[in-house]
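Peer 1: Read off the chains here:
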Amino acid sequence: MSGLPWAALAATSSAMHRFANPTVALRLADRLMPWSASLCAGLFVVGLYYALVASPIDYQQRDTVRIMYVHVPAAWMALGVYAMMATASAVGLVWKHPLADLSAKAAAPIGAGFTLICLVTGALWGQPTWGTWWVWDARLTSVLILFFLYLGYMALWQAYDDPGRAARAAAILALVGVVNLPVIKFSVDWWNTLHQPASVFTLQGPKIDPSMLKPLMLMAGAYLAFFVTVLIYRLKAEILARRASVLRRARAEP
Amino acid sequence: MEAVGTFLAMGGYAAFVWPSYGVAAVILLGLLLASRRRLRLETRALEALESSAALRRRPARREVSGARRPA
Chain A
1 MSGLPWAALA ATSSAMHRFA NPTVALRLAD RLMPWSASLC AGLFVVGLYY ALVASPIDYQ
61 QRDTVRIMYV HVPAAWMALG VYAMMATASA VGLVWKHPLA DLSAKAAAPI GAGFTLICLV
121 TGALWGQPTW GTWWVWDARL TSVLILFFLY LGYMALWQAY DDPGRAARAA AILALVGVVN
181 LPVIKFSVDW WNTLHQPASV FTLQGPKIDP SMLKPLMLMA GAYLAFFVTV LIYRLKAEIL
241 ARRASVLRRA RAEP
Chain B
1 MEAVGTFLAM GGYAAFVWPS YGVAAVILLG LLLASRRRLR LETRALEALE SSAALRRRPA
61 RREVSGARRP A
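Protein sequence lines, in the order shown, are assigned to chains A and B.
Residues in the first sequence are numbered from 1 upward in steps of one, following the working numbering.
Residues in the second sequence are numbered from 1 upward in steps of one, following the working numbering.
Rather than coming from a laboratory, the hints here were simulated on the basis of the structure.
Remember, predicted model here, so these are calculated numbers, not experimental data.
Glycine included, every Cβ here is placed at the ideal spot set by N, Cα and C.
One thing to keep in mind: the hints can contain errors.
Unchecked claim - To spell it out: a stretch of chain B is covered by chain A in this simulated footprint if at least three of its residues, at any positions, have a beta carbon under 8 Å from a beta carbon of chain A; those stretches are:
| hint | region |
| --- | --- |
| 1 | 1 to 8 |
| 2 | 11 to 21 |
| 3 | 24 to 32 |
Let's have the full structure, built from the sequences with the hints guiding it.
Peer 2: As C-alpha cells, then:
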C-alpha cells in the first residue's frame, strides 16, 4: 500500500475537520457577533427612520405603503432562511456533520418568525388595499404552507430522543419542502393571484422608486443582520447543549 | 405637537401601519430574548456539568490506555 495518497487524504480530511470543528465555529461566532449585532442595530435605526419618516406616501396606497418595509423583507428572509436551512440539511445528510444539522435546527425558529411577520403584516396590508385580510390565492397559500413546513421541521427535531435520527428526519422534510420555494416565487406569474407580481427582483431591474427602494433595502439589511446575530446565539446554545448531553452520556456509562 | 399627531395618524391608516410594525417588533424581540436566554441557560448547565466532572476526577479513557494516575 503506498503511503502518500493516504497521508494526503488524512491531511485534507483533518484540515476539513478543523474548519468544521465546533470549537473553531464557536470562536468564529464570538468574533462575528459584535459586528452583526451593531450592524443590525444601526440598520434598524436608519431603516426605520426612512421607512416611517423620510419616505414619501404612495399616490394610491397613501401611508399603507409603509407596511411594505416590514412585509417584503420578511418575505425575502422567509424564503432565504429556508433555502439556507435546506442547504445545511443536505450537507448534514451527506457528510453527517453535526454542525450542519445544528445550523439548520438553529435557523428554523428565526425563519418561522419571519414567515409569521410576513403573513400578519400581509393581512394588515391586504385589508386597506384589497379590502380583505386573507384570500386563498396561490401566493398567500404557498407562504402559509412554508410556515407549516418550518413548524413541522421544528416538531420533528422534538419527536426523537436520538439526535442523529431527529436530524435525519428533519433534514428529509426540509429537502422535500424545497419544492415550495419556486412555487412561492413564481406563484404570482403562474396563477392569477390577488397578490401583485415581483417589483424588485425582476429581469428589468427594480420597478419601484429609489425613494422607496432605499428604506426597503435598509430594512432588508437590518433583517439579515438580525438573522445572523440570532443564529449565532442559537447555534452556540445548540453546540453547548450537544456537548452537555455527550458529557452526561459519558458519565452514565460505567 | 401637531406634527407628532399627524405622524401618528399615518394619514388615517394608523390602525394598519402601527400594528404591522408592532407585530414585527414583538416577534423579532421575542426571538432575540428567547435565544439569548436559552444560550445563558445552556452555558450555565454545561459549566455545572464540567465543574462537577472536575471535582469527581474520573478520567476513564486514560485508565484504559494505561497512563498513570495521581494517587
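Peer 1: A separate judgement is required for each hint: does it hold in the structure or not?
Peer 2: Outcome of the hint check:
no., hint, verdict
1, 1 to 8, "violated (count 1)"
2, 11 to 21, "holds (count 8)"
3, 24 to 32, "holds (count 6)"
Hint compliance for this structure: hint 1 is the single one not met.
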